[in-house]
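Peer 1: All chains, full assembly: derive it from the sequences and hints.
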Amino acid sequence: MDILLVASAFNSLTQRVFAELSDEGHHVDVVLASHGPDAVRAAVSEGCPELIVAPMLKSALPEDVWREHTCLIVHPGPPGDRGPSSLDWAIAEEASEWGVTVLQAEAAMDAGDVWADGSFRVPPAGKSDVYRNEVADAATAAVLLAVRRYADGSYKPRPQSDPGIDVVWRDYFRQEQRRIDWENDSTATVLRKLRGADSQPGVRDEICGREVFLHGGHPEDRLRGEPGELLATRAGAFCRATRDGAVWIPELRPRKNSGDPAPFRRPAASVLAGFPAPPGSGPGMPGSNDRPYWLPEIAAPLELPPDRTTWTDIRYRQRGRIGFLTFSFPGGAMSTTHCRRLLAAWRYALTRPTSVLVLGGARDFFSNGIHLNVIEAASDPAGESWSNLNAMNDLVEAVLRTTDRLVVAALGGNAAAGGVMLALAADEVWCRTGSVLNPHYRRMGLYGSEYWTYSLPRRVGAETAERLTTEALPVSSTEAGRIGLVDRLVPGGAREFTSEVERLAADLADDPDLPRRITAKATARHADELQRPLAEYRRAELARMRTVFFDPEAPYHALRSAFVRKLPNGSARPLVTEEAR
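One gets this note's numbering by counting positions in the sequence shown from 1 and adding 1425 to each.
Be aware that one or more of the hints could be misleading.
What the hints assert, rightly or not - List time: in silico SDA-like cross-link candidates among lysine to any residue, alpha-carbon distance up to 20 Å:
| no. | residue 1 | residue 2 |
| --- | --- | --- |
| 1 | K1618 | L1655 |
| 2 | K1991 | G1870 |
| 3 | K1681 | T1734 |
| 4 | K1618 | Q1600 |
Simulated from the structure, these hints should not be mistaken for lab results.
Peer 2: What follows is the structure, given as structure tokens:
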């Protein structure tokens, strides 16, 4: 069928629905509702779709469109649930199970007949994580079922007035309901409020007399202080005391009207660095603009003891001959600092006696490449772009040059741009079914680096590599497996991914053919280096990237700014990999 997707953004769910409908042989096009109702009408008129599907829609479809065409709306709530903040309420009310519904558009919001639905267990995770994983799994399955039912022509959708469907209207979840009472809220309550607002809209709060939005929340087991007191920083996050404990908050967002030139999400410590020090903090310390001098930086050990419950974004653990280096950065973005810290952790992992080293393995994002928000906030965005890309290249090169053990990249969620190329530097790529890969850079106006001109063609061939990087479309995990972009699909939900990776890694470590494979990879790397050194790939890629970074008129700068600041950029399919972007 010819299917038109109408979405407020080409977000993670829209990308997944696009990719999986395409896998089933449908011709799929996309129009962004954010471009206005006339853009939607024009896309319908020009494309003459047989079916319209709205995976993520924040505004109503034009009435003439839904009256004249069958339009299926994805609602992130069970049948009968209505309102604009369904998932927020589910997390706030600690629902153990939730659902998604594919319903037909009509005048009343979320009131149309039900074409398909699905349910899932709600994990103790942030809203955006749940949205990209459990919600996306259930929603995509429901969309595919609804499309098959529509194509069959014999299915009659179920009215929500049917017995067994309880209609519940849930109002917009406002900041007043998210507000944290630091004096009285327990740590569990604070975490629930923080997780329910991640990644959007954040929890509005005040720090050092300035209004900010808090993004993300993780428990801390040892640090304590007066309720609301700022206690420490760690790897860009800061720790704040609660009534009965403390929480780590990785990101802050200044208000748009605050006068801050960078009113968007970025590492919390870098935002705090620009705030006035609290009374009694003592004289300032020069030379740091990425963390406040008046808070101690308290690192966590790379190998965290099993009895600890604290936040750290990079961890190493070992089981027999298998090393696991996991990392989890907000939004999958990797700043210069992230890359350098992960490279240091990689070098540490190489000192350990293992034959298999697993990179990744956590649920949700693997990596989306360089950190556009940090770059946009920098005093010299071109220089920071250059530093970030070189740090990313250093990390990828270290993985490529690891020849004394087998390396597995384990993708529990989506990956894009340089994040895909980081995965491709491994010997094997394992990918959770349902993940979406964007192995390209073009929609940000970039040629790309991270040794993609070496890694991508050697996996999929030159012709397919050219198609992937020029079409710049999302690739489903199934299609990635078919073309050789990934080696193994790991079935199951995000909740089970880590344990399944551990089981598969144990099988790999016990494979009697493993020593031969390690020897063969070292031989192949040596042969490739003789044919064309990695340094030459890097030099050629960076020459093209440098030209873009340091040209103030290059489209990259406007595209980056629009992406970070959530401004229209005129693209039909902007590079969007996070729920709220």
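Peer 1: If you draw a straight line from the CA of K1681 to the CA of T1734, is it 20 Å or shorter?
Peer 2: violated (34 Å)
Peer 1: Would the hint linking K1618 and L1655 be met if the CA-CA limit is 20 Å?
Peer 2: Distance of about 18 Å is within 20 Å: holds.
Peer 1: Does G1870 lie within 20 Å of K1991 when you go C-alpha to C-alpha?
Peer 2: With a Cα-Cα distance of about 17 Å, the restraint between K1991 and G1870 holds, given a limit of 20 Å.
Peer 1: Take a quick look at whether K1618 and Q1600 sit within 20 Å of each other, Cα to Cα.
Peer 2: This hinted pair holds, its Cα atoms lying about 10 Å apart.
The structure fails to meet hint 3 from the earlier list, while all remaining hints are met.
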